[in-house]
Amino acid sequence: MLPYWRLSGFYFFYFAFVGAMAPFWGLYLRSLEFNAFQIGVLMSLLQVMRIFAPNIWGHIADHTGRRVAIVQLAALVCLVAFIGVFWATSFWTLFAVMSLISFFWSASLPLVEATTLSHLGDRADRYGRIRLWGSVGFILVVVGLGAALDHVSIRLVPWVVLGLLVGIVLTARFIPEAEIATRDHAHIPLRDVLRRPQVLALFIAALLMAAAHGPYYTFFTIHLVETGYSKSVAGWLWALGVVCEIGIFLVMPRVFARVSPEAVLLATLVVAAVRFLLIGWQADNLPVLLLAQLLHAFTFGAYHASALALVHRHFTGRNQARGQALYNSLAFGIGGTLGSLYSGAAWDGLGAGMTFSLAAGCALLASLVFAWRGRSGRP
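My numbering applies: residue 1156 is where the sequence shown begins, and numbers increase by one.
The hints are simulated quantities; they were obtained by calculation from the structure and are not laboratory data. C-beta: ideal position from N, C-alpha, C; glycine also. Hints are not guaranteed to be accurate.
Simulated restraints, written as ranges between beta carbons of each label pair [to be verified]: (1) F1329 with Y1372: 29 to 35 angstroms; (2) L1182 with S1254: 18 to 24 angstroms; (3) R1346 with G1239: 35 to 41 angstroms; (4) T1382 with I1238: 36 to 42 angstroms; (5) L1187 with V1414: 46 to 52 angstroms.
Given only the sequences and the hints, what does the whole structure look like? Please build it.
See the structure below:
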């Protein structure tokens, strides 16, 4: 029987943690009087650690077969390490604490994704109905904490994050281990899987898609405020995108019953190019901006569901955890880091329109790569 609520509970708290950290942790660091460069370095640690840490954890998990045990251990160490935030006052002490937190935090998601897909088996199209609870957690925290911070001190943020980490530890405790599939081709060496043209195309497209989101995750709020929107409107525009993401997760099983994951993924890459052009050049037109945020349903929700389905198809047996880890490292680690870097370098010199045009170019290039080799058949 599928452990729906136990898996959903973990996703809820995991992405609620993201909903507290991504929008508000920088504000908390500013309250500690760190400068912009120091804040940028500290905020980048969560992405940088995702380049290599998931592969270490995935390798251990695939060789021991104990994915959930590693998730539980990593969550507990992350919680204990976070307590150090309350005593870390200098840049280097906080750098050390956040590095430790990031290293263990990055272990969880790829292993839980692999475990979830193993539980789903041939029902991988139902992944979205579990993952949507992560979106619910994100929305509740980003809206609730944002409203609270209008009335209370920013020093509330680490306490909220600590509580969410407790939730991650508790929900991880109840995730059941899934049997690792041992299909005929599960013994294929990882390097042989990585040499498949469709796998290479998938990973290159994932890296480019994550890089395309760099300006969005780094400068979207700044872009809105500079265009003339209030911070509260900016917050609700963020929430609108995630609400649409929930809707698409609910319908993905029916979509996959009619359309292949390859076709869905290719379409989302093209939609992403259009979306970022709209954000970059039409942000002062609210109806167009609302349309762009509605497209988040495709550029994140449908894209992520189809990409994970393809990773799960290609990486079987004891390669599953490392496959998910590689996907996270290349996309959210390397791709996300590159996206932040090029958007930061381009923003002041080229402006919002051209920076988001670069993002659209990354998405379009991803679509061309995937259309060329990513649809060359099943393994």
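Verification of the hints:
As the Cβ distance of F1329 to Y1372 is approximately 31 angstroms, the hint placing it in 29 to 35 angstroms holds. A hinted range of 18 to 24 angstroms for the beta carbons of L1182 and S1254 is consistent with their spacing of about 21 angstroms. Against the hinted window of 35 to 41 angstroms, the Cβ-Cβ separation of R1346 and G1239 comes to about 39 angstroms, which satisfies the hint. The hinted range of 36 to 42 angstroms is satisfied by T1382 and I1238, whose Cβ atoms lie roughly 40 angstroms apart.
L1187 and V1414 have their C-beta atoms about 49 angstroms apart, which keeps the hinted 46 to 52 angstroms range intact.
Checked against the numbered hints given earlier, the structure satisfies every one of them.
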